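From just these sequences and the hints, can you work out the full model?
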Amino acid sequence: MKEITDIIKSYELALAAGKKMALATVVHVEGSSYRRPGARMLVTDDGQLTGAISGGCLEGDALRKALLAISQQKNKLVTYDTTDENDTTLGVQLGCNGIVHILFEPILPGQPDNPVELLKRIHQKRQNAVLITLFSLRSRTAEQPGTCFLYLEKDNTQIHHVSDPRVLSNLVPEIDSAKEKEDSFFKEFTISGQNLTGFIEYLKLPPSLVIVGAGNDTIPLMEMAHVLGWEITVADGRAGHATKHRFPKANKVLVARSNEVLDHIQPDPRTFFVLMTHNYNYDLALLKQLIQIEACIYVGTLGPKKKLERMFDDLEKEGIQVTDKQKEKIYGPVGLDIGAETSEEIALSVLAEIKAVLNGRTGISLREKAEPIHSRSDQKVDYAKTAREDFLCAIQTVES
Numbered sequence: 001m002k003e004i005t006d007i008i009k010s011y012e013l014a015l016a017a018g019k020k021m022a023l024a025t026v027v028h029v030e031g032s033s034y035r036r037p038g039a040r041m042l043v044t045d046d047g048q049l050t051g052a053i054s055g056g057c058l059e060g061d062a063l064r065k066a067l068l069a070i071s072q073q074k075n076k077l078v079t080y081d082t083t084d085e086n087d088t089t090l091g092v093q094l095g096c097n098g099i100v101h102i103l104f105e106p107i108l109p110g111q112p113d114n115p116v117e118l119l120k121r122i123h124q125k126r127q128n129a130v131l132i133t134l135f136s137l138r139s140r141t142a143e144q145p146g147t148c149f150l151y152l153e154k155d156n157t158q159i160h161h162v163s164d165p166r167v168l169s170n171l172v173p174e175i176d177s178a179k180e181k182e183d184s185f186f187k188e189f190t191i192s193g194q195n196l197t198g199f200i201e202y203l204k205l206p207p208s209l210v211i212v213g214a215g216n217d218t219i220p221l222m223e224m225a226h227v228l229g230w231e232i233t234v235a236d237g238r239a240g241h242a243t244k245h246r247f248p249k250a251n252k253v254l255v256a257r258s259n260e261v262l263d264h265i266q267p268d269p270r271t272f273f274v275l276m277t278h279n280y281n282y283d284l285a286l287l288k289q290l291i292q293i294e295a296c297i298y299v300g301t302l303g304p305k306k307k308l309e310r311m312f313d314d315l316e317k318e319g320i321q322v323t324d325k326q327k328e329k330i331y332g333p334v335g336l337d338i339g340a341e342t343s344e345e346i347a348l349s350v351l352a353e354i355k356a357v358l359n360g361r362t363g364i365s366l367r368e369k370a371e372p373i374h375s376r377s378d379q380k381v382d383y384a385k386t387a388r389e390d391f392l393c394a395i396q397t398v399e400s
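All residue numbers for the sequence shown refer to our numbering, where the first residue is 1 and numbers rise by one.
Hint data in this document are derived by calculation from the structure and do not stem from the laboratory.
Note that the coordinates shown come from a computational prediction; the quantities given were computed from them, not determined experimentally.
Heads up, a few of these hints could be off.
Below are the SDA-like pairs computed for lysine to any residue, each with C-alpha atoms no more than 25 Å apart in a straight line [to be verified]:
{"hint": "1", "residue 1": "Lys288", "residue 2": "Asp176"}
{"hint": "2", "residue 1": "Lys20", "residue 2": "Gln73"}
{"hint": "3", "residue 1": "Lys329", "residue 2": "Glu309"}
{"hint": "4", "residue 1": "Lys2", "residue 2": "Gly360"}
Here are the computed distance ranges between Cβ atoms for each label pair [what the hints assert, rightly or not]:
{"hint": "5", "residue 1": "Lys369", "residue 2": "Leu13", "range": "37 to 43 Å"}
{"hint": "6", "residue 1": "Thr157", "residue 2": "Lys306", "range": "49 to 55 Å"}
{"hint": "7", "residue 1": "Asp268", "residue 2": "Pro112", "range": "26 to 32 Å"}
{"hint": "8", "residue 1": "Thr323", "residue 2": "Leu13", "range": "48 to 54 Å"}
{"hint": "9", "residue 1": "Asp268", "residue 2": "Gly18", "range": "38 to 44 Å"}
{"hint": "10", "residue 1": "Leu358", "residue 2": "Asp61", "range": "30 to 36 Å"}
{"hint": "11", "residue 1": "Ala295", "residue 2": "Gly18", "range": "43 to 49 Å"}
{"hint": "12", "residue 1": "Leu358", "residue 2": "Val172", "range": "26 to 32 Å"}
{"hint": "13", "residue 1": "Glu328", "residue 2": "Asp45", "range": "51 to 57 Å"}
All residues carry an ideal CB built from backbone N, CA and C; glycine is no exception.
The structure is reproduced here in structure tokens:
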């Protein structure tokens with residue numbers, strides 16, 4: 001979501017300056033690639049790049065393709081094949097051993113549903129969304145409809161520029177599939193005699209980090225979370241500590257008693273709490289409330305394990321038995337074991353643990369993984385049976 005936020009900022013600045021621009025999106029990958037489907041980069045006509053579609057190796061050529069799309073005012077699909085080791089232009093230099101399909105869409109400022117405007121609608125409110133992009137992998141000369149359909153889950157609204165009701169009837173059912181899977185996928189459509197691939201992208205709301213505590217050791221945690229593009233709330237009972245001046249990159253700074261903090265926050269499964277006030281009673285009172293919230297999946301407590309055990313004992317004295325299920329979401333001592341000592345290192349350890357929990361990972365070294373870093377399941381396309389043979393034959397010809 002940080003990438004999308006940066007793209008929106010650059011888009012608004014480009015609009016104000018009267019610049020022309022195009023959006024480059026990784027729409028499909030076969031094999032290995034530095035970036036996955038959904039990675040985006042905004043390109044302005046003066047060569048400014050915001051976001052990334054690779055580790056830096058494709059950006060130079062992508063700039064030229066984006067400028068071509070801008071000049072022609074036409075969507076273009078470009079395929080980069082990094083599997084050919086004899087290709088001195090791309091293959092040997094990249095070493096990614098994959099095929100990357102990138103869609104370039106010129107941005108029309110006056111069009112209220114251009115791709116970046118759709119991204120802005122997602123960004124305006126904290127909610128999940130489904131974004132559908134249609135493209136043809138068969139031929140670069142074929143029509144590339146591009147980003148055409150947005151569904152906002154909380155608002156239960158659809159925004160699109162699809163005029164053909166037959167096309168809509170194909171796309172709408174995929175919204176429920178994306179919501180049920182809570183994941184992105186690919187689907188093959190036959191629309192008006194043309195076989196198109198749909199990238200059904202499930203965009204989850206950004207992680208929300210609630211830092212309970214406004215001491216100096218909280219500042220690096222705020223800084224790093226901001227770099228990641230997370231929503232940040234800092235809460236503390238001390239008015240002299242919890243100030244916007246001390247935490248300028250926090251979205252919200254609360255001065256509140258322990259029993260008032262949750263009056264200002266609506267926890268969801270992507271809200272993460274870290275208790276680090278260094279005030280035992282304050283942290284205990286908030287932990288008492290958080291263990292009762294089913295939507296809350298992560299509560300980190302700063303300090304030794306003995307402190308957390310004491311908390312459980314004190315809650316039991318109040319007649320509150322912390323169940324094994326509730327203990328599963330409590331991480332104390334908070335953070336991954338990386339030998340952290342300084343507040344900056346502890347912040348890194350904490351955010352790495354939250355990221356692992358968020359994605360259902362263990363936090364082991366990548367060299368210990370037997371399987372590829374990225375799952376190959378997100379590369380599969382649900383093809384129509386009648387088009388499958390024809391498609392597999394056509395995809396053998398890689399276009400540049």
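What are the numbers of the hints the structure violates, in ascending order?
-> Hint 1 contradicted; others consistent.
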